[in-house]
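S.K.: Residue strings, one per chain:
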Amino acid sequence: MRPLLNSAVPTRPAAPARPKPARLAWTKLLNAAAPAVSLATALAALAGACLSLAQNTAPALAIVELVVLSVAQQVLFLYIYLRFAKWDFKVALLALLSFAGLVVLYVMPEYLTGWQFNAVVHRSFFAAVWLMAMAIPAMMCAIYYLAGATPRAEDYAHYPLVLVPVGLALAVYVVLIGQLVLQGLPNLTWQAISKPYFSYGWPIKVFVGGDWPMWSSELRTSIGLLYYLQGTGLLMLLTAVISLPIGVGAGLYLSEYATGILGSLTRFAVTALRAISLLILGLTAFSLTDLSSGTPLASLLHGRYFDGFVWQTSSGGSFLAASIVLSFLVIPLIALATEEGCRSLPPELREGSLALGASDETTLWRIVLPWSLPNVVTALLLGCAEAAGSVAVLMFIAGRGDYGVGPFSQVTSLAYAIFIIWFGDQQFKGSMGPFLFTAGVLLMIITMGMGIAAMLTKRWLVRRHRGG
Amino acid sequence: MAKKAQRWSLARVVISVLALLPVLLLLLIVANLVWSSLPAIQQAGLPVLFSTKISNVFSGVYTPGEFGLLPALWGTVLLAGMTLGIAFPVSLAMAIFAAEFNLKGLGRVLEVLLGILVGIPPILYAVLSLTVLTAFVVPKFAANGLPEGIIRSLSGLPPYNPGTLPRETSTLLGGLMLSLLVIPFMAPLILDAIRGVPHDLKEASLALGATRWYTLMRVTLPSALPGIAMALSLGTLKTIGDVVISAWTIGYIKNGLPQPLVDIFESVAPLTSTGAGLLNGLSGGAAVPPGPERGAAYFAALLLLLIAFSILVMSSLAQRYLQRRLAR
Amino acid sequence: MPSGMEIRELKASYGANQVLKGINLDVHRGKVTALIGPSGCGKTTLLRCLNRLSELTKGANVSGHIRLEGQEILDMDPMLLRRQVGMVFQKPNPFPMSVRENVLYGIKAAKLAVDQAEVVKASLGKAAIWDELKDRLEDNAFRLSVGQQQRVCIARTLATSPSVILMDEPAAALDPSSASKVEASINSFRGDYTVVIVTHNMQQALRVSDYTVFLFLGEVVEFGETAQVFNDPQRPETREYIAGRFG
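Chains D, Y and L, in that order, are what the protein sequence lines are.
Number 906 in our numbering belongs to position 464 of the first sequence; there are no gaps in the numbering.
Number 379 in our numbering belongs to position 40 of the second sequence; there are no gaps in the numbering.
Number 150 in our numbering belongs to position 143 of the third sequence; there are no gaps in the numbering.
You may find that some hints are simply not true.
[What the hints assert, rightly or not] Each computed DSS-like pair below joins lysine-lysine, with the alpha-carbon atoms no more than 25 Å apart:
no., chain 1, residue 1, chain 2, residue 2
1, Y, LYS392, L, LYS65
2, Y, LYS541, L, LYS28
3, L, LYS118, L, LYS133
4, L, LYS65, L, LYS28
[As the list claims (entries may be wrong)] Covered, in the sense of this in silico footprint (three residues per stretch, anywhere, with C-beta under 8 Å from a C-beta of chain L), are these stretches of chain Y:
no., stretch
5, 381-391
6, 530-543
7, 549-555
[Claimed, not checked] For the chain D half of the interface with chain L, some residues (derived, Cβ under 8 Å), not all of them:
no., residue
8, THR592
9, PRO593
10, LYS900
In case anyone wonders, no lab produced these hints; they're calculated from the structure.
Where is the CB? At the ideal position from N, CA and C, for every residue including glycine.
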């Protein structure tokens with residue numbers, strides 16, 4: 443479509459394309475040389491910093507890198523003056539500080555103490571810190587000039603500032619989880635997960651002497667995590683059962699009916715329950731089941747076992763008690779998720795249902811709840827993961843699980859087992875010691891599995907229920 | 340969504356009853372804490388509770404009647420300071436990366452990773468502290484709380500064998516592991532805050548020729564301050580509330596304040612592990628009988644509750660102030 | 008100093024959606040050019056291509072040539088471009104800072120060394136709001152009325168002395184009195200700035216613009232002096248649109 447040009451002002455003709463001479467490519471290379479070399483030395487310095495953090499390296503490496511860095515910065519400084527006709531003092535400062543750093547490292551003794559600190563710091567730590575502090579600004583300046591010193595180059599230059607902390611943190615996570623798996627996997631045998639640590643069994647010996655058969659039970663000892671795995675599962679189940687109705691109810695209340703003081707109070711209570719320390723919950727669990735307080739509730743929630751003849755009380759609290767206290771933690775999770783789900787419901791759906799004559803309850807049941815289902819299920823799975831991983835709540839009421847697992851028996855779980863492998867009695871530590879990392883791997887599988895399941899279920903449910 | 344005048348249907352009754360339970364539970368918890376710490380306040384008195392001497396049947400040296408919680412209070416402050424000092428900048432960097440400086444969609448990968456990492460329970464970080472301990476802390480910092488460590492590293496002996504389970508503690512170690520716990524929790528919150536800044540403000544800044552970094556610093560982050568304040572306060576609450584990591588990596592009774600005060604290489608047990616230690620010494624065994632010692636444990640928890648509530652109040656005040664300044 | 012722009016074979020698409028199908032246009036130096044057309048025909052997209060804000064949207068693909076005084080802007084550093092080509096948005100979007108900080112934002116972002124007080128006074132004056140705000144420079148811009156906010160946004164754009172000002176329905180969200188003040192400002196820009204204004208309001212186009220471009224379904228249907236396009240349209244589509252038969 444030819445535009446109808448109707449102007450009195452003549453338009454500028456298009457500029458002819460200029461042929462690119464071969465010389466231009468070489469000058470581009472030379473132009474990039476100084477910043478590129480500076481960038482390379484900065485990256486090397488960063489690598490050296492990581493190496494110094496990981497091992498107690500000799501200072502020679504750090505000193506060499508600082509020398510090279512300093513020289514590169516000086517070259518860059520001259521280059522900037524020659525090309526852009528300005529003095530970039532940041533680069534000069536970096537050159538100076540690098541030199542100062544290498545001097546300090548040269549004279550530093552291998553271990554430093556001082557100021558009455560309860561530590562002796564190896565000089566590789568200082569090397570690492572200094573190298574990192576020099577490397578990041580050096581990278582930033584180098585990238586800036588490599589990209590041509592334009593405003594867009596400023597944006598590129600800030601990438602290292604963001605990427606280095608992120609990369610380091612992720613590397614730490616990878617290394618640590620890798621170590622956990624490496625040390626825990628070898629001991630992950632079938633026996634480890636299929637046998638309990640210690641249990642009294644049903645009678646296995648029958649004395650037939652005289653006229654009467656006599657039963658007697660015998661100790662069975664084996665080393666395994668079975669009861670702990672069962673305990674974790676039971677804990678998750680009971681917590682889910684208790685906290686789901688209350689959590690959904692509270693969430694519905696907050697989004698549908700909450701007004702005035704009672705509404706704000708409920709909201710505050712829900713937020714506060716998430717914010718309080720786990721120690722408080724642990725002490726609450728202890729008070730609930732502490733027999734010395736003499737309340738009937740305590741004796742109800744106390745742990746007990748059946749020794750073949752009669753129910754005996756053991757120390758500590760039952761799974762029921764632990765799940766009740768754990769649900770204090772999980773209820774707010776579910777409530778807030780339910781509320782968020784209800785709030786995201788498009789008003790047209792709700793109004794449409796009411797306009798068709800449906801009552802409030804029907805609308806709630808048929809429209810609102812299914813819509814918030816993804817949020818609720820996700821929160822439930824995350825709550826189960828928290829129940830599986832919690833130690834602080836169980837700390838004062840749990841035990842070794844010698845007598846098996848049931849709603850009224852003494853509570854135990856995989857997480858608690860890990861805890862007492864470290865803090866428990868010597869015999870337990872001795873025999874279960876090798877299982878420390880194994881139990882850790884199992885626990886990680888359980889909790890990470892629930893987290894991944896939560897993410898995947900949310901996506902699947904959103905697609906099913908919301909056409910998302 | 341209008342809240343019209345509603346009838347009291349059966350559903351509403353059930354839901355309201357269910358919703359009142361959290362309020363009741365909270366009241367019961369607080370009441371129990373106060374009631375159970377009374378023996379300590381009455382028998383030992385507040386001056387003893389706020390002294391700096393503390394010892395316990397479960398710690399090495401035991402002098403009856405000493406439950407000073409001041410070192411524990413300082414331990415909480417020190418630990419929180421160190422943890423947030425590491426976790427906040429890293430979380431901020433992660434959020435900025437995922438929101439603004441997204442390289443080829445890696446931001447989304449980071450979000451998924453954080454969603455997976457947030458599920459790791461504190462006990463696992465406690466176990467992992469052994470690895471960090473033997474690989475990093477002992478070789479580099481061989482503190483006096485770690486007597487074997489320096490001898491070994493100085494004499495070139497190999498580090499500890501996990502089978503023998505060493506037992507070194509320091510606030511440094513606790514702060515490192517606790518910040519690993521808090522980062523996947525804080526970073527998504529800060530990310531949400533940054534994403535919540537209205538798009539037209541960013542466009543206006545870019546249309547004026549500002550770089551993305553300038554826009555971030557001058558427009559986006561200041562506008563995201565309420566959300567960042569909330570993330571910071573929730574992270575602080577998580578830090579001071581954690582029991583397992585601090586018990587494992589720092590220990591549970593600290594007699595006297597550290598010299599100098601900010602010595603992170605000492606094991607200054609925070610309120611959480613001190614409270615737990617006062618009750619049953621973390622040995623998995625029986626608890627102390629009812630009395631002032633048990634009351635002191637509950638008192639430590641009560642102090643934590645007061646600190647948590649004041650942080651909640653201060654943060655909501657701060658958020659309200661910031662939001663008022665940013666409201667159109 | 009105002010600048011002229013040349014647009015040749017500009018194509019823009021968002022994902023699979025081809026919005027601009029080959030635009031050829033001249034924006035004359037120092038004149039006001041209006042872009043009119045029904046909703047969804049690509050007016051805003053074309054405007055956002057001129058200062059490369061189109062790149063902010065995911066999946067945006069822009070090809071063709073846009074030259075600012077002979078310089079190809081698709082090769083330029085976008086930030087340097089946006090310091091020469093400013094934009095005023097439909098919904099006023101001042102920053103949550105004082106009026107003074109708002110006006111000086113572009114100057115500080117580009118690190119220009121100017122007399123700041125003088126720039127503030129001149130920009131607010133050109134936006135016809137100096138008298139109202141000269142004692143309220145430290146007030147938070149969010150506290151102003153919508154009309155005042157928009158004029159502060161205009162002043163903010165003027166402060167960096169751009170050579171081209173793009174305006175996306177600047178008066179659409181304003182009350183009539185503020186709208187007329189904005190139109191008066193636009194008329195005063197003639198000669199000092201090149202203005203490209205997108206508008207739904209044909210009377211407004213008649214009032215302020217020298218040239219009018221009628222855009223339909225991503226193509227330039229008609230382009231010429233405003234008087235000629237409105238009184239004697241050459242194309243049937245133009246005639247239909249101006250007569251209000253569709254919009």
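S.K.: Could you run down the list of hints and mark each one as holding or not?
M.R.: We went through each hint and held it up to the structure:
no.	hint	result
1	Y:LYS392 / L:LYS65	violated, 62 Å
2	Y:LYS541 / L:LYS28	violated, 28 Å
3	L:LYS118 / L:LYS133	holds, 22 Å
4	L:LYS65 / L:LYS28	holds, 19 Å
5	381-391	violated (count 0)
6	530-543	holds (count 5)
7	549-555	holds (count 3)
8	THR592	holds, 4 Å
9	PRO593	holds, 4 Å
10	LYS900	violated, 23 Å
Violated hints, in rising order: 1, 2, 5 and 10; the structure is consistent with all others.
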